[in-house]
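**Student:** So you can see what is in the structure, the chains are spelled out below.
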Amino acid sequence: MSTPLLSVRGVKAYYGRVQALKGVDLDINDGEIVALIGANGAGKSTLMMTVCGDPRAREGTITFAGQDITRLSTHQIARLRLAQAPEGRRIFPRMTVLENLQLGATTADPAGFETNLERVLALFPRVAQRLHQRGGTLSGGEQQMLAIARALMSSPRLLLLDEPSLGLAPLIARQIFDAIRTLNAQEGLTVFLVEQNAFHALRLAHRGYVMVNGLITLSGSGRELLERPEVKAAYLEGGRQRAAH
Amino acid sequence: MDYFVQQIINGVTLGSIYGLIAIGYTMVFGIIGMVNFAHGDVFMTSAFIALITFLILTTLFGITSIAVSLFIMLITAMLFTSLINWAIERIAYRPLRGSFRLAPLISAIGMSIFLSNFVQVSQGPLNKSIPPIVQGEFVLFRHASYPVTLSYKQVIIWGITAVLLAAFWFLVARTRLGRAQRACEQDQKMAALVGIDVDRTIAATFVIAAALAAVAGTMYVMYYGVVSFADGFVPGVKAFTAAVLGGIGSLPGAVVGGLLIGLIETLWSAYFSIDYKDVAAFSVLAITLIFLPQGLFGRPDVEKV
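Chains as they are written, first to last, in our numbering: chain Y, 579 to 823; chain Z, 43 to 347.
Hints were generated in silico from the structure; no laboratory data involved. It should be emphasised that the depicted structure is a prediction, and the values quoted were computed from it without experimental measurement. Please note that a few of the clues may not be correct.
Straight line, CA to CA, 27 angstroms or less: simulated DSS-like cross-link-like pairs of lysine-lysine [said to hold, decoys possible]:
#1 Y:Lys590 to Y:Lys600
#2 Z:Lys231 to Y:Lys600
#3 Z:Lys319 to Z:Lys195
#4 Y:Lys600 to Y:Lys810
#5 Z:Lys170 to Z:Lys195
#6 Z:Lys231 to Y:Lys590
Work the whole structure out from these sequences, hints included.
**Tutor:** This is how it looks when you write it as structure tokens:
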């Protein structure tokens, strides 16, 4: 097997004094969609941010495209074309949609900006209509699309998506999942996404990981995980309470 | 009426200087949420650099062209002051980032004391003066016995301020650096995620703030012809007042606030008591903080969650 694009080995990370990751191992191969599911507070978002160097991993190693990025700072990691649409979307509220997209292209070659912009806007026509509006005035769904569009502006090798469907109407959520599938199928984009909506995420993903209390407890293909009784019980049939305790 | 027009002219001139300093307060506050109490002394230091440059130019090189010497003074002051402010940020503020909120503030007060004492020790405690660089004036109109004038010095100050504000606006609104600065101001974590070097952007902010303060310092020396080591504090606090009045964090607010403070101070001196002009300016600070804490152009302090 070829070496994975992103490889996380024994990573431990803390938020303040709370240990959020207790030794996580995980691989993402080129061209895959990988979903990470788990209950609230399991450490999913922390893992996403730790891959981007904020907070830094206290122990373990993270390798991206053959390079050890464990000790790099966040902006240096971004320059390796690892982009993230983070938890809460974090649109720059007092900048226009276009400026948000320009910021997304910070690490990209300026010569390719126009072509890239067209490509991204074709994927999210609703964002294209709002180009000169301030980011803070967009609806939740539009902000999520903008967050993904902004991440795509760097032409990433790996796209991290943190809860892309959170708080969105089912129809909008489906549009976003469709866009992810299209990107993966047509451009071979590698995607690593965190989702609470486990059913949709596992159907979309080639492979999935289940995280409980800062540890990976299960992994397998999306379909396999959907069939697993413990996944069904905990994440698919309203059994979240049981999973947490 | 003539007297009033004359005071407006004088007030706008003074206000230009305050506005340029106020931008430094507001920019730094916008990006790292800290009131840089050393900024007034950075301004004072720049005035000394301009003064020393002038003396070197005239005595050592015998340069007599006013335009050339003013230009060299401006560039030298901007360059060295930027370097000083860059070093201050690196040494006194950056190591404290992520520490408790009061720590960089205390450090800034320390730097303020350091700068004024350093200048006092190295340049002496007395006022330093230079002969008038620019003389002459336009008589706008003459009514009865009182001529309303616009001096060449004032024209230069208005002109340089206008050009620099335009350049500065362009930098913030239209360039990559300006965009990065605004991004860091709004969300540093996200700025880093898109690949912006936040530390470098903050350093650039200090450099720009210092360069604008140095323009103010050079014009201060040209306008008044005299500067002392203690001249950082009062203009500094007035420029800070201007920034608060305009709405701290707002760049147009800093400029408008500067002009207003300049006008208030000048008109107060003209019609009331000149001895209490500082009281007038600082009353504005108190009144603003009580009745309009977010300032004229400021955003109300609400976090959208």
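**Student:** Compare the structure with each hint and give your call.
**Tutor:** Verification of the supplied hints:
1. Y:Lys590 to Y:Lys600: holds (5 angstroms)
2. Z:Lys231 to Y:Lys600: Given pair lysine 231 of chain Z, lysine 600 of chain Y holds - Cα atoms ~24 angstroms apart, limit 27 angstroms.
3. Z:Lys319 to Z:Lys195: holds (23 angstroms)
4. Y:Lys600 to Y:Lys810: holds (24 angstroms)
5. Z:Lys170 to Z:Lys195: Since the Cα atoms of lysine 170 of chain Z and lysine 195 of chain Z sit roughly 19 angstroms apart, the hinted pair holds (cutoff 27 angstroms).
6. Z:Lys231 to Y:Lys590: holds (21 angstroms)
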